[in-house]
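Colleague: Below, each chain spelled out in residue letters.
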Amino acid sequence: NAGVTQTPKFQVLKTGQSMTLQCAQDMNHEYMSWYRQDPGMGLRLIHYSVGAGITDQGEVPNGYNVSRSTTEDFPLRLLSAAPSQTSVYFCASSYSGFSYEQYFGPGTRLTVT
Amino acid sequence: TQLLEQSPQFLSIQEGENLTVYCNSSSVFSSLQWYRQEPGEGPVLLVTVVTGGEVKKLKRLTFQFGDARKDSSLHITAAQPGDTGLYLCAGAKTSYDKVIFGPGTSLSVIP
Chain U
855 NAGVTQTPKF QVLKTGQSMT LQCAQDMNHE YMSWYRQDPG MGLRLIHYSV GAGITDQGEV
915 PNGYNVSRST TEDFPLRLLS AAPSQTSVYF CASSYSGFSY EQYFGPGTRL TVT
Chain G
25 TQLLEQSPQF LSIQEGENLT VYCNSSSVFS SLQWYRQEPG EGPVLLVTVV TGGEVKKLKR
85 LTFQFGDARK DSSLHITAAQ PGDTGLYLCA GAKTSYDKVI FGPGTSLSVI P
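Sequences listed follow chains U and G, in order. Residue numbers for the first sequence, in the numbering used here: 855 to 967. Residue numbers for the second sequence, in the numbering used here: 25 to 135.
Derived from the structure by calculation, the hints contain no laboratory data. Be a bit skeptical, because a hint or two may be false.
Claimed, not checked - What follows is a list of derived Cβ distance ranges for each label pair: (1) Thr869(U) x Pro135(G): 37 to 45 Å; (2) Met881(U) x Phe34(G): 29 to 37 Å; (3) Ile134(G) x Val866(U): 20 to 28 Å; (4) Pro915(U) x Ala102(G): 38 to 46 Å; (5) Asn855(U) x Val74(G): 24 to 32 Å; (6) Ser51(G) x Asn916(U): 17 to 25 Å; (7) Val74(G) x Met881(U): 19 to 27 Å; (8) Lys81(G) x Thr859(U): 29 to 37 Å; (9) Ile134(G) x Thr861(U): 32 to 40 Å.
Note that the coordinates shown come from a computational prediction; the quantities given were computed from them, not determined experimentally. Every residue gets a Cβ at the ideal spot worked out from N, C-alpha and C, and that includes glycine.
Just chain G, with the same shape it has in the complex (with noise of 0.2 Å):
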């Protein structure tokens, strides 16, 4: 049983078409962090949530942390190409504890 859980698996959409993923959790996580990897390469960065309800903005890419601390979600508007990758949520209990990660969503965006 995965501790985070994350859908859709796999999305395929037109370049220009907003979109929104989304990891989920039954646990209480005390930060949640979205990874990009693209193929043959390894997981890179893209933000860390550690507040309830907190939103973070990172040009088309919107990250929001559940109130509740369980869930978290990630929007892009007008996707482009360059977006098409594997998006990892990943999850730690505490801030000094290992990190889990969910099963991934593979984006693909059609020119």
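Extracted from the complex, chain U is given alone in its bound form (with noise of 0.2 Å):
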């Protein structure tokens, strides 16, 4: 198993572009989180997904979509990216519920000029 994965690993951005941020798990987990991680912060929950089809917003989620089409995937949109934005980004996915243990991807590291 792969596990967690988490496309691409480095970004560089301009104010005002549009990406998505890829992520997968091959684990069958109907938990997926997205969190981004900023010095001093710890992790900040932006939106989660407790399976296909529903996603839920998390702590931060302004400036960010996401949409679970699938149980493997849950992408991570930004619409018009910000300076703000820039951030280390994680996806975890966990079996039957957050407060069981979360296995995280390896991370985006995002940077917007």
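Two chains, two frames, some hints: make the complex.
Modeller: This is the structure we're talking about:
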């Protein structure tokens, strides 16, 4: 099993550009989440999904969209990138509830200039 | 305002010393988790505690969940350089609720 994979690993965007961060898992996990990590802030939840077709907002959803058309994939879209979105983004999945073990991807380091 | 607070924010100790890091909240959680994160990687789960007053041991690491389920501590005995990393606590209000993370404690163990 590959576990949780994220692409790209690094990305530089100009203000106003849009892009999609990809996340896929091959563990048949129902629960998937997107977090951003900034220095001194820990991980902040952006959006999450409890199953295909179901998504909900987390702590910091503004400027981001998600969809969950399949169990395996949970892409995160930046609609119009802003410098405040410079961060490291982590995707995570878990089997049957977020309080169960979450498996994290390796992260995407995004810089918006 | 962070729902989960962690202290200290930074900790630098010599190999062989003992240390304790804390995770506190004004809210009650059904479970708390501790993750460890190394630079350039995603967090990895160390333990989940679900019962007030629960104590779990993982080799040199001892985890405790407060009686009121609002706080937790992680104690490391005889720290080693391999313990270096960012320690994150995370909590869920209910079993199937989303998980919220604290800001983390950055630990550096000097050989």
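Colleague: Against each hint, give a clear statement of whether it holds in the structure.
Modeller: Now the hints, each set against the structure:
Separation of Thr869(U) from Pro135(G) is about 44 Å and conforms to the stated range, judged on CB atoms against 37 to 45 Å. Distance hint for Met881(U) and Phe34(G): a CB-CB separation of about 34 Å, consistent with the stated range 29 to 37 Å. Checked against the given bound of 20 to 28 Å, the beta carbons of Ile134(G) and Val866(U), roughly 35 Å apart, lie outside it. Against the hinted window of 38 to 46 Å, the Cβ-Cβ separation of Pro915(U) and Ala102(G) comes to about 43 Å, which satisfies the hint.
Judged by the Cβ atoms, the range 24 to 32 Å given for Asn855(U) and Val74(G) holds: they are separated by roughly 27 Å. Range check, Ser51(G) to Asn916(U): about 23 Å between beta-carbon atoms, so the 17 to 25 Å window is met. Separated by about 22 Å at the C-beta atoms, Val74(G) and Met881(U) satisfy the suggested range of 19 to 27 Å. A hinted range of 29 to 37 Å holds for the C-beta pair Lys81(G) and Thr859(U), which are about 33 Å apart.
Take Ile134(G) and Thr861(U): their Cβ atoms lie about 36 Å apart, and the range 32 to 40 Å holds.
In terms of the numbered hints stated before, the structure departs from hint 3 and from no other.
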